[in-house]
Structure formats: structure tokens, C-alpha cells
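Quick mapping for you: the protein sequence lines, in order, are chains G and V.
When we follow our numbering, the leftmost residue of the first sequence carries the number 123, and every step to the right adds one.
When we follow our numbering, the leftmost residue of the second sequence carries the number 351, and every step to the right adds one.
Note that these hints are calculated values from the structure, not bench results.
Check each hint, because a few of them may be wrong.
[As the list claims (entries may be wrong)] Derived Cβ-Cβ restraints for the label pairs, each shown as a range:
(1) V/A445 <-> G/G288: 12 to 20 Å
(2) G/V232 <-> V/V436: 34 to 42 Å
(3) V/S444 <-> G/L273: 34 to 42 Å
Idealized CB from N, CA, C, for every residue including glycine.
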Amino acid sequence: MFLVIIFSLSAFLAVAGALSVTFSKNLIHACVYLLFSLVGVAGLYLTLGAEFVAATQLVVYVGGVVVLLLFAIMLTGGTNLHHVTSRFGLESTPLMGNLRTYLMGVVTAVLLVVVLCNVLQGSMTGALVSENKFSSTVEQIGVKLLTDHILAFEISSVLLLGALVGAAIIARPHRSSESEN
Amino acid sequence: MGIIPYIVVSCVLFVCGIIVMIARKNIIGILLGIELVLNAAALNFVTFTKFNNLNLDGHIFALFIILVAAAEAAVGLAIVIRFFQVRESVHIDSATQLQS
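This is chain G alone, in the form it adopts within the complex:
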């Protein structure tokens, strides 16, 4: 029963957040709705017994990625809110998509979901329903990460270093202003 309540709350947060991200007209609002969606997904991880993944999701996404996205939105001029009135008399915000692009998005998404459902049908029907008792996964994940998956673990550290250095190099100040000085 408790599990069902937690699942319902988290699923509602995740789905409502995702829908709000999709149909929000303001980019900063969309970013904050993404935050709600990510918190909901973390709750779903908790109901699946993956508390370490849930904690990582909260720390990395909510603490890192969303804040980074908000910074980038503000550095690129925030949301320009001068509405444009289309010929149908509807208000639309520039850059946030219009009816035509949304129609294309829906068509593509539905096609992809149909294909993926056909692909995944075998493994979904083959899934055995089991209720394993709650136990901490942190220790097992740590052991597996440093024995079976040690190569991926080390490669990920190189990847993170490369991403950090690359981001710093790409986002450095404009070169033409340097040559003027």
C-alpha cells in the first residue's frame, strides 16, 4: 500500500512535469518543470528498490544539470517574452515551437513508440513478477563497479575530465576581443 502511494505520487510528478516541459511557453518555467520530473523519476527509482541510483539522480540532476541549464538560459539572454500574434490570432512565443512543429513531434513520437512497443513486447511478457525483500544496494553496486565494470568506471573518469576541459575550452571568451587587446 505504501509502495502504491509512493509510486502514484512519483509517477504523477514525473508525467505532469514532462507534459509541462513539453507545453510550457517559457524556457525557465520548462527548466523548473524538468526539475519536478526528475524528482519524480528519483521517487520511481526508490519504489524499484534502487536507492543508490535515486540518490545519484537527485545529486547529479537536481543539484547539477538543472542548475547548469538555468545558468545557460540566463547567459543566453533569458526568455525573450515579446509575444508574436500569428495570423490565427493566437499568441506565440518565438523559439518555443508552433502548431506545425508540435504536430511533427507528436507524429514522430507515436511512430517511435509503436516500433519500440513491438520490439519490447517479447521482454515485457517474459518479465517475471517478483517481490524481493528490501536490502541496501550500495555495497553490491560498489563491489560490482570496482570488479566487473572497472574498465567502464575508469573510462568514465577520463570522459568526465575530457568533458570538463572541453567545456572550459569551448566556452572561453571570444577570440576577436582578445586580439583587439
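Given chain G, work out where chain V should sit, using these hints.
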């Protein structure tokens, strides 16, 4: 609690991400959609770990997905900021040449 509710939630996240990626014209908006799609994939990994087999490979894959998403966001946003410095726009259609 069966497997179907989790699959449905993940499906909704995936659909919303695809719609955002295609409908938005703002580059940062497209990055938001990519985050949603990556979350749907990670949720599927953890779900199938719980209901299909009980080793923790799906959890580890989800962790690596979170890691790659963080790296992708850092590099992508750096590219967006650089692009904004050069073009003074974040419209996806104004990205027409590799060299500034």
C-alpha cells in the same frame, strides 16, 4: 505493482522528450528534451532489472547514463554559450556553418 505502470511512465517521458526535441526551436529547449529521453531510458533499465533479473547490471547502466547525461549537458551548454557569443542567437536554424 506490475511492470506495466513503470513502462507507461517511461513511455510518456520518452514521448514528451521526442516532442520537445522536434518542436522546440531553442537549442537549450532541445537539450531539455534530451534529458527527458535519457531519463526514460534509465528508468527502463532499472525497471527491467527489478522485474526480469535480479543482478544489478541495470542499476550500473543507469548510473552510467546519468554520468553521460551530465557530461553531455556540460559540453552541450558550453557549445550553446559559444554559439551565442558568435551568432547572438540560440535559434537552431541559425546554426548553418561550422566555422565562425
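Consistency of the hints with the structure:
1. V/A445 <-> G/G288: 12 to 20 Å: holds, 18 Å
2. G/V232 <-> V/V436: 34 to 42 Å: holds, 37 Å
3. V/S444 <-> G/L273: 34 to 42 Å: holds, 41 Å
Comparing the model with each earlier hint shows no violations; every hint is respected.
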